Amino acid sequence: MEELELYDTTIIGGGPAGLYAAFYSGLREMKTKIIESQSELGGKVRFYQEKKIWDVGAIPVITGYQLIEQMTEQAMTFSPTIVFNQTVKSIRQMESGAFLLETVDGSDHLSKTVIVAVGSGVINPKKLTFVGTERFEQTNLHYQVKPLEYYRDRTVLISGGGNSAIDWANELSEIAKKVYLVYRKDLLKGHEASVSTLLNGKTTCLLDTELVELIADDCQLKIRQVVVKEQMTNQTQIIDVDDVLVNHGYEQIASLLDNSDLPIERKDNFYIKGTAYGKSSVAGVFGAGDIIHYDGKLNLIAGAFQDAAHAVNQAKQFIQPQADKVAMVSSANQVFKKLK
Numbered sequence: 423m424e425e426l427e428l429y430d431t432t433i434i435g436g437g438p439a440g441l442y443a444a445f446y447s448g449l450r451e452m453k454t455k456i457i458e459s460q461s462e463l464g465g466k467v468r469f470y471q472e473k474k475i476w477d478v479g480a481i482p483v484i485t486g487y488q489l490i491e492q493m494t495e496q497a498m499t500f501s502p503t504i505v506f507n508q509t510v511k512s513i514r515q516m517e518s519g520a521f522l523l524e525t526v527d528g529s530d531h532l533s534k535t536v537i538v539a540v541g542s543g544v545i546n547p548k549k550l551t552f553v554g555t556e557r558f559e560q561t562n563l564h565y566q567v568k569p570l571e572y573y574r575d576r577t578v579l580i581s582g583g584g585n586s587a588i589d590w591a592n593e594l595s596e597i598a599k600k601v602y603l604v605y606r607k608d609l610l611k612g613h614e615a616s617v618s619t620l621l622n623g624k625t626t627c628l629l630d631t632e633l634v635e636l637i638a639d640d641c642q643l644k645i646r647q648v649v650v651k652e653q654m655t656n657q658t659q660i661i662d663v664d665d666v667l668v669n670h671g672y673e674q675i676a677s678l679l680d681n682s683d684l685p686i687e688r689k690d691n692f693y694i695k696g697t698a699y700g701k702s703s704v705a706g707v708f709g710a711g712d713i714i715h716y717d718g719k720l721n722l723i724a725g726a727f728q729d730a731a732h733a734v735n736q737a738k739q740f741i742q743p744q745a746d747k748v749a750m751v752s753s754a755n756q757v758f759k760k761l762k
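Numbering-wise, the sequence shown is residues 423 to 762 according to the numbering used here.
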């Protein structure tokens with residue numbers, strides 16, 4: 423094995439808990455790395471970037487997109503190493519005591535401590551299975567909504583009938599030229615109030631209907647039209663579109679805990695059973711955010727921030743037992759003067 427750079431802490435996951443842990447570990451002058459399975463930071467917040475979030479302290483209201491921007495800016499304060507597009511599949515402890523993190527693509531990472539912050543697991547949107555659809559993902563086939571202004575005066579078709587698809591339709595109907603919602607069942611699965619807004623709004627709902635084909639433009643790079651089929655009659659309809667949004671749910675990738683040879687105690691065979699201070703049953707491995715469960719757990723973004731700070735403080739003391747239990751408050755912390 424080639425010699426690996428050793429980090430004080432490696433954070434698995436770049437969502438709210440992971441990003442705040444990166445900031446707080448920098449505050450504690452720890453050499454820090456984040457490993458993120460996707461190509462962007464933000465975790466599950468990326469899937470609702472245009473939704474309004476009201477329950478983050480000191481912020482009356484903020485969109486998911488704005489929150490990601492601000493969390494990322496804060497996380498980068500102390501310049502942690504960020505690794506994208508790598509999914510950690512296992513953690514094992516070396517004879518030295520350090521932890522070796524192995525990724526699906528065969529990469530290895532070495533760290534004195536590990537903070538697991540993968541939320542409810544690595545999830546990927548369920549994608550269309552038509553041949554050749556991948557080429558449209560760089561243009562006008564979307565599995566998460568873009569900033570709303572992008573859709574102004576455009577014709578958008580949404581495939582799906584759950585809460586997210588319905589919310590997308592309600593939001594976009596106020597700004598897009600035309601919105602279609604196609605769902606393969608005859609009853610929508612969203613909250614009653616959202617469904618009522620949808621059915622009484624501007625969106626054209628095609629129920630008991632499914633998306634069956636994407637028709638490309640002359641350059642074969644963008645979707646120009648879609649074909650939908652009504653289930654009962656098998657009749658098809660061709661619709662001109664500017665964009666196609668797909669919300670067919672998400673697939674959860676197997677937990678890294680399943681492949682790790684560490685005796686990490688778990689809850690419901692997935693979550694880490696730990697303490698309010700982020701400790702797991704393995705010394706040196708900590709949890710933050712939705713992945714860890716303990717009495718009094720608060721499954722909010724605000725709770726993820728506190729989890730992150732606790733986990734970092736525990737990691738710091740694991741490495742340096744003589745270190746302070748918590749970081750000095752930011753208003754008096756000399757570490758910020760070094761940034762000027």
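No lab work stands behind these hints, which were simulated from the structure alone.
Any given hint could turn out to be false.
Derived pair list, reagent style DSS-like, types lysine-lysine, alpha-carbon separation capped at 27 Å [said to hold, decoys possible]: (1) Lys-624 / Lys-607; (2) Lys-474 / Lys-719; (3) Lys-624 / Lys-611; (4) Lys-568 / Lys-473; (5) Lys-611 / Lys-548; (6) Lys-548 / Lys-453; (7) Lys-549 / Lys-695.
Have a look at the derived ranges for each label pair, beta carbon to beta carbon [to be verified]: (8) Leu-609 / Met-498: 40 to 48 Å; (9) Gln-560 / Asp-690: 31 to 39 Å; (10) Gly-519 / Thr-555: 40 to 48 Å; (11) Asn-507 / Leu-629: 24 to 32 Å; (12) Asn-546 / Asp-690: 30 to 38 Å; (13) Phe-692 / Glu-559: 23 to 31 Å; (14) Tyr-572 / Lys-689: 34 to 42 Å; (15) Gly-584 / Leu-426: 23 to 31 Å; (16) Asp-530 / Asp-746: 29 to 37 Å; (17) Ser-542 / Cys-641: 53 to 61 Å; (18) Ala-638 / Gln-488: 17 to 25 Å; (19) Leu-609 / Arg-646: 25 to 33 Å; (20) Asp-527 / Gln-560: 16 to 24 Å; (21) Lys-466 / Arg-574: 21 to 29 Å.
Quantities reported herein were computed from a predicted structural model and do not represent experimental measurements.
All residues carry an ideal CB built from backbone N, CA and C; glycine is no exception.
Hints, verified against the model:
no.: 1; hint: Lys-624 / Lys-607; in the structure: 20 Å, holds
no.: 2; hint: Lys-474 / Lys-719; in the structure: 23 Å, holds
no.: 3; hint: Lys-624 / Lys-611; in the structure: 19 Å, holds
no.: 4; hint: Lys-568 / Lys-473; in the structure: 11 Å, holds
no.: 5; hint: Lys-611 / Lys-548; in the structure: 17 Å, holds
no.: 6; hint: Lys-548 / Lys-453; in the structure: 36 Å, violated
no.: 7; hint: Lys-549 / Lys-695; in the structure: 32 Å, violated
no.: 8; hint: Leu-609 / Met-498: 40 to 48 Å; in the structure: 45 Å, holds
no.: 9; hint: Gln-560 / Asp-690: 31 to 39 Å; in the structure: 38 Å, holds
no.: 10; hint: Gly-519 / Thr-555: 40 to 48 Å; in the structure: 47 Å, holds
no.: 11; hint: Asn-507 / Leu-629: 24 to 32 Å; in the structure: 38 Å, violated
no.: 12; hint: Asn-546 / Asp-690: 30 to 38 Å; in the structure: 21 Å, violated
no.: 13; hint: Phe-692 / Glu-559: 23 to 31 Å; in the structure: 29 Å, holds
no.: 14; hint: Tyr-572 / Lys-689: 34 to 42 Å; in the structure: 40 Å, holds
no.: 15; hint: Gly-584 / Leu-426: 23 to 31 Å; in the structure: 42 Å, violated
no.: 16; hint: Asp-530 / Asp-746: 29 to 37 Å; in the structure: 32 Å, holds
no.: 17; hint: Ser-542 / Cys-641: 53 to 61 Å; in the structure: 40 Å, violated
no.: 18; hint: Ala-638 / Gln-488: 17 to 25 Å; in the structure: 34 Å, violated
no.: 19; hint: Leu-609 / Arg-646: 25 to 33 Å; in the structure: 31 Å, holds
no.: 20; hint: Asp-527 / Gln-560: 16 to 24 Å; in the structure: 22 Å, holds
no.: 21; hint: Lys-466 / Arg-574: 21 to 29 Å; in the structure: 26 Å, holds
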